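Visitor: Chains as they are written, first to last, in the numbering used here: chain A, 1 to 284; chain B, 1001 to 1469.
By construction, these hints were calculated from the structure, which means they are not laboratory data.
A quick note: this is a predicted structure, and the numbers were derived from the prediction, not measured.
Backbone N, C-alpha and C fix where the C-beta goes; we use that ideal spot for every residue, glycine too.
Please note that a few of the clues may not be correct.
To be verified - Going by beta-carbon spacing under 10 Å, a handful of chain B positions derived as facing chain A:
(1) I1220
(2) Y1245
(3) E1252
(4) P1276
(5) D1354
(6) L1404
Claimed, not checked - As a list, the in silico DSBU-like pairs of lysine-lysine whose alpha-carbon atoms are at most 35 Å apart:
(7) B:K1194 to A:K234
(8) A:K194 to A:K204
(9) B:K1364 to A:K27
(10) B:K1024 to A:K258
(11) B:K1146 to A:K29
(12) B:K1377 to B:K1052
(13) B:K1212 to A:K234
(14) B:K1178 to A:K27
(15) B:K1024 to B:K1133
(16) B:K1194 to A:K266
(17) A:K265 to B:K1286
(18) B:K1178 to A:K7
(19) A:K265 to A:K234
(20) B:K1133 to A:K27
(21) A:K26 to B:K1421
(22) A:K7 to A:K258
(23) B:K1212 to B:K1178
(24) A:K265 to B:K1024
(25) A:K26 to B:K1165
(26) B:K1432 to A:K234
(27) A:K26 to B:K1413
(28) A:K234 to B:K1421
(29) A:K234 to B:K1364
(30) B:K1133 to B:K1194
(31) B:K1052 to B:K1008
(32) A:K234 to B:K1178
(33) B:K1312 to A:K234
(34) B:K1178 to A:K29
(35) A:K26 to B:K1178
(36) B:K1020 to A:K265
(37) B:K1377 to A:K27
(38) A:K266 to B:K1312
(39) A:K234 to B:K1377
As a plain string of letters, each chain reads:
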Amino acid sequence: MFEIIDKQRLAAGVFRYVVQAPEIAKKAKAGQFVILRLNEHGERFPITIADWDSGQGTLTLFVQAIGKTSIEMSLLHGGDSILDLVGPLGLATEIENFGTVALVGGGFGIAAIHPIARELTQAGNKTISIMGSRNRDLLLMQDEMKKVSSEVRVATDDGSLGTEGLVTDVLNDMIDKGEIIDRVIAIGPLVMMKAVSELTRPLKIQTRVSLNPIMVDGTGMCGACRVTVGSEMKFACVDGPEFDGHRVDFDGLINRLKTYRPEEKKSLDQFSQVVDDECRLGNL
Amino acid sequence: MSASKGKKIPRQPVPEQSAKARSKSFDEVSYGYTPTMAMLEATRCLQCKKPKCVMGCPVHVAIPEFIKLVAAGEFIAAARKIKETNSLPAVTGRVCPQEDQCEKYCVLGLKNEPVAIGQLERFAADYERREGKIEIPELAPSTGKKIAIIGAGPAGLTAAGDLAKLGHEVVIFEALHKAGGVLFYGIPQFRLPKEIVDAELEYLKLMGVEIKVNYVIGKIKSLDELMTDEGFDAVFVSTGSGLPYFLGIPGENLNGVYSANEFLTRVNLMHAWEFPVFDTPLHAHKTIAVIGGGNTALDAARTALRLPSTEKVMIVYRRSPDEMSARDEEIKHGKEEGLEFRYLENPVRILGADGWVTGVECQKMKLGEPDSSGRKKPIPIEGSEFELEADAVVIALGSGTNPLIAQNTEDLKTDSRGRIKLSDADIQKTSKKGVFAGGDIVTGAATVISAMGAGKKAALGIHDYVMSQ
Ligand SMILES: Cc1cc2nc3c(=O)[nH]c(=O)nc-3n(C[C@H](O)[C@H](O)[C@H](O)COP(=O)(O)OP(=O)(O)OC[C@H]3O[C@@H](n4cnc5c(N)ncnc54)[C@H](O)[C@@H]3O)c2cc1C
Ligand code: SF4
Ligand code: FES
Chain A
1 MFEIIDKQRL
11 AAGVFRYVVQ
21 APEIAKKAKA
31 GQFVILRLNE
41 HGERFPITIA
51 DWDSGQGTLT
61 LFVQAIGKTS
71 IEMSLLHGGD
81 SILDLVGPLG
91 LATEIENFGT
101 VALVGGGFGI
111 AAIHPIAREL
121 TQAGNKTISI
131 MGSRNRDLLL
141 MQDEMKKVSS
151 EVRVATDDGS
161 LGTEGLVTDV
171 LNDMIDKGEI
181 IDRVIAIGPL
191 VMMKAVSELT
201 RPLKIQTRVS
211 LNPIMVDGTG
221 MCGACRVTVG
231 SEMKFACVDG
241 PEFDGHRVDF
251 DGLINRLKTY
261 RPEEKKSLDQ
271 FSQVVDDECR
281 LGNL
Chain B
1001 MSASKGKKIP
1011 RQPVPEQSAK
1021 ARSKSFDEVS
1031 YGYTPTMAML
1041 EATRCLQCKK
1051 PKCVMGCPVH
1061 VAIPEFIKLV
1071 AAGEFIAAAR
1081 KIKETNSLPA
1091 VTGRVCPQED
1101 QCEKYCVLGL
1111 KNEPVAIGQL
1121 ERFAADYERR
1131 EGKIEIPELA
1141 PSTGKKIAII
1151 GAGPAGLTAA
1161 GDLAKLGHEV
1171 VIFEALHKAG
1181 GVLFYGIPQF
1191 RLPKEIVDAE
1201 LEYLKLMGVE
1211 IKVNYVIGKI
1221 KSLDELMTDE
1231 GFDAVFVSTG
1241 SGLPYFLGIP
1251 GENLNGVYSA
1261 NEFLTRVNLM
1271 HAWEFPVFDT
1281 PLHAHKTIAV
1291 IGGGNTALDA
1301 ARTALRLPST
1311 EKVMIVYRRS
1321 PDEMSARDEE
1331 IKHGKEEGLE
1341 FRYLENPVRI
1351 LGADGWVTGV
1361 ECQKMKLGEP
1371 DSSGRKKPIP
1381 IEGSEFELEA
1391 DAVVIALGSG
1401 TNPLIAQNTE
1411 DLKTDSRGRI
1421 KLSDADIQKT
1431 SKKGVFAGGD
1441 IVTGAATVIS
1451 AMGAGKKAAL
1461 GIHDYVMSQ
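Sequences are here, hints too, so could you generate the full structure?
Guide: This is the structure:
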């Protein structure tokens, strides 16, 4: 069992958890993930390691409550426990002094970008973090990102903060104005990562994206997490989750992520019913 | 019981659930012998002076001796006799390919049917468990040595049991949230009830073995860290086989295409057949094509058949029935349950619409000369392409190796396919000091009993090694 030490609500449906997991915390690196299973009936659910503290023996995880498991997790509080937690999984982000690195984080992806920005800044890079969200209320971790980046730019769909538009507009604008960018790391919705990769491809800027395919074991046994990179089949849990954005077949992955849409809905509907009943009974 | 009389008794059939009753049930297909049936079958054994069957068994179970005890009604003694060399008889009795091993060499098989060695083994082991007569063996006094076992499949579990008996402190590290390896996530409930695997795990715990789940070694700890920081005197790597092979044909990323490992893991380990009570889903399919001819293909196909939405399951195999590597009993059961077997057909493309599978384009094959595996090589027949309708495809072509340990251990030698190389096969020793390895991670996908055999040899090798340090 892994105890939840702290839980905070950051925005509508977005929570930050600090979980006791000393052995994983000792080994965690930026770019890696864990798989958790909440209880005996639970699914194996991959989550990016957003931060870690080897001294305290804790991991920080962000959860966006959108499906059955994430909503169920959003009902857990400090003092509750998670049944299974395994990691750190996947390969760590490559950290070197590349020169100038643009870190593009969309929505919830900002949580995953944060430790990478910190490590790259520490390694001597000029780090320009470009954060995007639908509106200012949904923008995560502004202050934290400012602390770990050389510069921060913001784009919101409605213009309520920063540039009105998309993160790619900001990136494009920067490049137009003559900023020499040596590497781009983009984490967020697949369409965003795809758009960033399309933008940087003709400019030949090395672009890394972090993929979130369906996973079961997360240890390289089941093959569910396969993605096409170049013309090769790769497995995100052992070969990734980061890949060369210019070679990833995003459309194939977008399609595969639809596999369980009907089942996810069914699971959620049934769960909502339970939650409603519990609320009515005053148990929640 | 005289030998001549024995010959006249036919091989005793095993009571089973009817094909109809079991086609949508995950309960075990075979009920196993009753004591009377087992005793009768046991009297068929000729008690050969030089038993050939024993040579056919990878771990040389004392076959005539245990069968004699069954014939005498001494079932618990029979189980203990088997356990002298085979620590998981309830498992092997159910999953060994007996027709290629012990029973293949039984002299009765020359003219008639061989003694049902596997069924008798299963019977004795089940009897001992059901009667609650499983006893913890006497453990040697503590040696003060600590051994780490990586991976809780048959190889690891066997080594753990033997090492604990020798007085060592044993800790098993397992990557998944549940120990058992393929016995748990791969082989389905209807063939190997999970209670049996759980009973074996309980037995190891009673012997003092500690099982730590959710530990991916290579990630959370390296082999070197185990031996330096954590004080382990030796390590046994038994991580099994790894990433499944795919066909390498167009359409494999369509929705509705699964590896057999994924399909079986969803059902066995994650209970997808009880969705939405359990959270892990499996999409509801109607017509499922399973590609391959081994045990994994048969397990996936028969699992698919049992899912509520399934109407039809086909096994598509590119060779002929003679080359199929699945156990005979599974093929027979699959046929009875209504699997459609399609031989000498090979998929060349998976067809789809709107991102989902709609069928498989196959090519007809003919058999040519034997290839490197000794089996006749299938040769495509030009112009014979045709389409099979299916809304799901399960690929069961075997698997490669898991890269995690080798990736993170520089001085551990592997071959070109990533399998761990042994420097002394008699004791399962690797190129790295203090590190031993066995099971599928060394041989590539093989059998439960060969993995157990490797675990046994490793335990002796490790014992000698740590005691000489
Ligand atoms: C579907 C299926 C059906 C089969 N049917 C039969 C049959 O009928 N008869 C037969 O004889 N054989 C059968 N086999 C083959 C047989 O199951 C295997 O040969 C046998 O299980 C190998 O045992 P093992 O101990 O080497 O590995 P496994 O059983 O694969 O166990 C390895 C364990 O190690 C764990 N692990 C992996 N990496 C790590 C790591 N880095 N850290 C910690 N733990 C790790 C895995 O999670 C797993 O639990 C079948 C195989 C499959 C897939
Ligand atoms: S372990 Fe397998 S091969 Fe050996 S006697 Fe038992 S069933 Fe036969
Ligand atoms: S999640 Fe199973 S192989 Fe990657």
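Visitor: Which of the numbered hints above does this structure break?
Guide: Structure breaks hints 9, 20, 37.
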